[in-house]
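Protein chains in written order, with our numbering: chain D, 35 to 257; chain U, 61 to 262.
Since the hints were made in silico from the structure, they are not lab data. Where a beta carbon is used, it is the ideal one built from N, C-alpha and C, also for glycine. Keep in mind that a hint or two might mislead.
To be verified - Below 20 Å or equal to it, Euclidean Cα-Cα: the simulated EDC-like pairs (lysine to aspartate or glutamate) are:
id, chain 1, residue 1, chain 2, residue 2
1, U, Lys-69, U, Asp-85
2, U, Lys-234, U, Asp-255
3, U, Lys-69, D, Asp-257
4, U, Lys-69, D, Glu-256
5, U, Lys-234, U, Asp-85
Unchecked claim - Partial pick of chain D residues on the chain U-facing surface, computed with a CB cut under 7 Å:
id, residue
6, Met-35
7, Arg-40
8, Ala-45
9, Gln-51
10, Leu-53
11, Arg-56
12, Gly-118
13, Thr-119
14, Val-126
15, Ala-127
16, Ala-129
17, Ser-130
Residues per chain are reported as follows:
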Amino acid sequence: MSSLDRIWAIAAKDAAQELRRRVAAASIFFFAATAVTLVSFAVGPFGLPPEARDRVCGALLWIILFFSAATGLPRAFVREEETGTAYALRKVAPASLTLAGKTLFNYLLFLAIALVTVPALSILLEWRVGSAAGLAAVLALAGYGLAVVATFLAALVARASRTNVLFVVVSFPLLLPLLLSAIAATAEAAGGSFPSTALRVIVAYDGAATCAAYLLASAAWED
Amino acid sequence: MIEARDLAKAFAGPALFARLSFRADSGLVAVTGRNGSGKTTLLKILASLARPSAGSVSVRRGEQELSGDDRRMAVGWSGPDLAFYEDFSAVENLAFLSRAGGRPAVAAELARRLEEVGLAGAANRTVGAFSTGMRQRLRIAFSLLFDPPLLLLDEPMSNLDSEGRAIVEAAVEKQRRGGIVFVASNEPRDFAGPDQVVELGK
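I would like the entire structure built from these sequences, with the hints used as guidance.
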């Protein structure tokens, strides 16, 4: 079997576990739904001046996506440690493939959250996105960066105590450049233009994050 | 062949063991020592699941030193810390671990593995519903999943009934004739007439 088959096997296993228990998905979607609902009631479609709407909605979207991700994405590694299955996984697969498989699962989970959050924000805050292709590209590329960094950090903190707090505290400064670029790109896409410049920055971030995660996978996941 | 050179392992406090060297080419190696002497840790180091504080371990096939996937597949391991996915059945666990290890999960092959450890009737039952003895049998099946030439069994008889003990004894004997098997235990009856003894905590 090729490395891609093995990566897919790990991602599919995580997905099957999630479908059976729905622990991460339930907490993520509950958080996202709560945040969107509260913001819509507090601000409402008319509480935002039209000229600020794209920027505020872009920031809101990424705040919700970041904290939703922080709620659920670390589970992929933490669960392996908590349940003792980490040894079985370490025995059969190298850290790089395990990290890639779990990143793939987390990426798909992130896209599922975005698929629910964006229409919800759009309806509740009457947010109209001018360039749907631009927003899709931002979500796809920045979501990948977020999934890579979140998965790597999850591997790093999985054996620590208070993993959730540690994860948020460590991930925030690392993800800040990505989130700022993603917010700017989202506002630009919402305004109707394709955010080429911001996307270049995001692609560079994705590349650097992928290289760092691959090189440090063994140190993070193995003893 | 497996060779350990000047192995040492220390957590917080005094070293569990230090300057430990041995080599095994074939047969049964018993790893003995009182509780806390480092038997489990030593087997994890040999299985590449833990790093030694000092020293090295090499696993060879002929003249070739194995690393990466080759080494992972060549060394089977079972220990008390090994757990499986509770929501998955026994056969689903072995199928996933086989695929993640780079081997296709062939249903007939997996069924045979489970039959060998007396779990044929529980193949489709979720591991969460397994007794401790059944979990131990599944650990043995996992350790043999890739037909490794080197088998590391940590307390392999724990929680097993007489039928389970007979299954493990047969697996150890078979491995002893065709490869290398390490058995770590406090119970001398867990390894009959070992070819070599590695004693810890002397």
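Consistency of the hints with the structure:
1. U/Lys-69 - U/Asp-85: violated (23 Å)
2. U/Lys-234 - U/Asp-255: It holds: about 14 Å lies between the C-alpha atoms, which stays within 20 Å.
3. U/Lys-69 - D/Asp-257: holds (13 Å)
4. U/Lys-69 - D/Glu-256: holds (16 Å)
5. U/Lys-234 - U/Asp-85: holds (15 Å)
6. Met-35: OK, holds: D/Met-35 within 7 Å of chain U, min 5 Å.
7. Arg-40: Hint on D/Arg-40: holds, closest Cβ of chain U at ~6 Å, below 7 Å.
8. Ala-45: violated (10 Å)
9. Gln-51: holds (6 Å)
10. Leu-53: violated (10 Å)
11. Arg-56: violated (11 Å)
12. Gly-118: At 3 Å from the nearest chain U Cβ, D/Gly-118 passes the 7 Å test, so the hint holds.
13. Thr-119: Holds - the Cβ of D/Thr-119 comes within 7 Å of chain U, reaching about 5 Å at its closest.
14. Val-126: holds (4 Å)
15. Ala-127: Holds - the Cβ of D/Ala-127 comes within 7 Å of chain U, reaching about 5 Å at its closest.
16. Ala-129: Since the shortest Cβ distance to chain U is 11 Å, the answer is violated.
17. Ser-130: violated (10 Å)
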